[in-house]
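Undergrad: Using the sequences provided together with the hints, build the complete structure.
Counting along the sequence shown from 1, when you hit position 109 you're at 109 in full-length UniProt numbering, and nothing is skipped either side.
No lab work stands behind these hints: they were computed from the structure. Note that the structure is predicted; figures quoted are calculated from it, not measured. All C-beta atoms in this analysis are idealised placements derived from N, C-alpha and C, irrespective of residue type, glycine included. Hints are supplied without guarantee of correctness; some may be wrong.
[Stated by the list, open to error] Just the calculated beta-carbon pair ranges, DEER-fashion:
1. G236 - E303: 25 to 35 Å
2. D208 - S298: 15 to 25 Å
3. P190 - K369: 53 to 63 Å
[Claimed, not checked] As a list, the in silico EDC-like pairs of lysine to aspartate or glutamate whose alpha-carbon atoms are at most 16 Å apart:
4. K308 - E322
5. K187 - E247
6. K291 - D354
7. K364 - D275
8. K308 - E207
9. K187 - E207
10. K115 - E159
11. K218 - E182
12. K364 - E294
13. K291 - E303
14. K21 - E51
15. K308 - E202
16. K154 - D180
17. K217 - E247
18. K308 - E294
19. K30 - D329
20. K308 - D208
21. K115 - E139
22. K83 - D275
23. K291 - E247
24. K369 - E322
25. K218 - D275
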Amino acid sequence: MSDNLSAPSYIRGIEPYKAGKPISELAREKGLQPENILKLASNENPLGAPESALQAVREAATAHNVALYPDGNAYNLKHAIAKRLGVPAEWIIVGNGSDELMGLTCEALLEPGAKSVYSQFYFSVYRIDTLACGGTPVEVPAKGFAIDLDAIAKAVTPEVRVVFLTTPNNPTGLTISQADFEAFLGKIPPSVTVVLDEAYREFVPEEDRIDSIALVKKYPNLFVTRTFSKAYGLAGLRVGFGVNSSELPELVNRIRPPFNCNTLAQAAAAGCVNDQAFLDRVYEMNRSGVKQLEDGFSSLNLEFVPTKSNFVLVHIGPKAAELNQALLDRGIIIRPCASFGLPEWIRVSVGTADQNERFLAALKELLAKLSAA
1 MSDNLSAPSY
11 IRGIEPYKAG
21 KPISELAREK
31 GLQPENILKL
41 ASNENPLGAP
51 ESALQAVREA
61 ATAHNVALYP
71 DGNAYNLKHA
81 IAKRLGVPAE
91 WIIVGNGSDE
101 LMGLTCEALL
111 EPGAKSVYSQ
121 FYFSVYRIDT
131 LACGGTPVEV
141 PAKGFAIDLD
151 AIAKAVTPEV
161 RVVFLTTPNN
171 PTGLTISQAD
181 FEAFLGKIPP
191 SVTVVLDEAY
201 REFVPEEDRI
211 DSIALVKKYP
221 NLFVTRTFSK
231 AYGLAGLRVG
241 FGVNSSELPE
251 LVNRIRPPFN
261 CNTLAQAAAA
271 GCVNDQAFLD
281 RVYEMNRSGV
291 KQLEDGFSSL
301 NLEFVPTKSN
311 FVLVHIGPKA
321 AELNQALLDR
331 GIIIRPCASF
341 GLPEWIRVSV
351 GTADQNERFL
361 AALKELLAKL
371 SAA
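TA: Written out as structure tokens, the structure is:
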């Protein structure tokens, strides 16, 4: 491949994001029927999208609506989110997934010489977005598997513009406490934006959730991002949002693509944002599924990280890559964690009870074969 284009070296140095393998790709590779493939790789909602979202999509998907550009300001969705959270609509910025908002935040705040800080065992988009702006990513070692907030605070030098934190963290499933997070915010200069990624918030027990919106009202440099991709089951439509009480929404709006959130995504998200009955159902199914998986791992004498999210990080050992391939041969997709710096671990998304049982049965059989080989 030719490399004659005048691309910056910091772009050429980026390793592309590696998503979980799509069902369609595995079907092509293995000659399998898509309906027989089990995907537990990308932390998607096994219950699918709620009827409230699907009905909104059906109503919005008219020939006239689809032929027109979407509302570039996402007025209805912004106001629906703002009403649910109890904040002004001007504090809300809508994105093509919350990951787009992280990239736009870096574009708005970083430049060559500026830095971002994040913990070891992180969502790789934080690093990619920083490098794409010519910035310098700073990875802070974790304390075991937990985010070391004290070490991150100490890493905030004058060159740092953005700090990324995730609760619960991906791939560990561990949360940050309210007290620890608020103490951390008190140590960060007001010129540094703290991005709190709450993509998995709805799976967390109520007592372990940070009251992040109250903190947004108190700390103008806090930017909370959330998504409709996980608990709300809208990953295929790509819609997320962020909340900030200062000027970040206005800055991001200057560089945001003009129609970044499509008509159907806006309609679906607005249609289900208040569907608490669905979220309650998702939460209860997920807690049952977490127990099922963790009990299964315990019965196999596998080490795992107790999770507060919709996935479990489990230690397989030196044959983790072989296990992953053997699962793929059986039509089961999980997430190998070498890209997280954990080559002996895998991450398994919580499925339905039947899906979890299929995975655990295959895991037990394959581990026995691998240990005998």
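Undergrad: With the threshold set at 16 Å, check whether the alpha-carbon distance from K291 to D354 stays at or below it.
TA: holds, 14 Å
Undergrad: For the pair supplied as a hint, K291 and E303, confirm whether the alpha-carbon distance does not exceed 16 Å.
TA: holds, 14 Å
Undergrad: Straight-line Cα separation of K21 and E51 no greater than 16 Å?
TA: With a Cα-Cα distance of about 27 Å, the restraint between K21 and E51 is violated, given a limit of 16 Å.
Undergrad: Given the hinted pair K115 and E139, is their alpha-carbon gap at most 16 Å?
TA: OK: K115 and E139 at ~10 Å, within 16 Å.
Undergrad: Taking 16 Å as the top limit, are the C-alpha atoms of K364 and D275 close enough?
TA: violated, 38 Å
Undergrad: Taking only the CA atoms, is the gap from K369 to E322 under or equal to 16 Å?
TA: The hint holds at about 11 Å.
Undergrad: Given the hinted pair K217 and E247, is their alpha-carbon gap at most 16 Å?
TA: The given pair, whose Cα atoms are some 13 Å apart, holds under the 16 Å limit.
Undergrad: Within a Cα-Cα threshold of 16 Å, do K115 and E159 meet the stated pairing?
TA: holds, 6 Å
Undergrad: Does E207 lie within 16 Å of K308 when you go C-alpha to C-alpha?
TA: holds, 11 Å
Undergrad: Hey, K83 versus D275, does the alpha-carbon distance stay inside 16 Å?
TA: Satisfied, since the Cα-Cα distance of roughly 14 Å is no more than 16 Å.
Undergrad: Hint check: K218 vs E182, CA-CA at most 16 Å. Holds or violated?
TA: holds, 10 Å
Undergrad: With the threshold set at 16 Å, check whether the alpha-carbon distance from K154 to D180 stays at or below it.
TA: holds, 15 Å
This entry does not satisfy hints 4, 5, 7, 9, 14, 23 and 25, going by the numbered hints stated previously.
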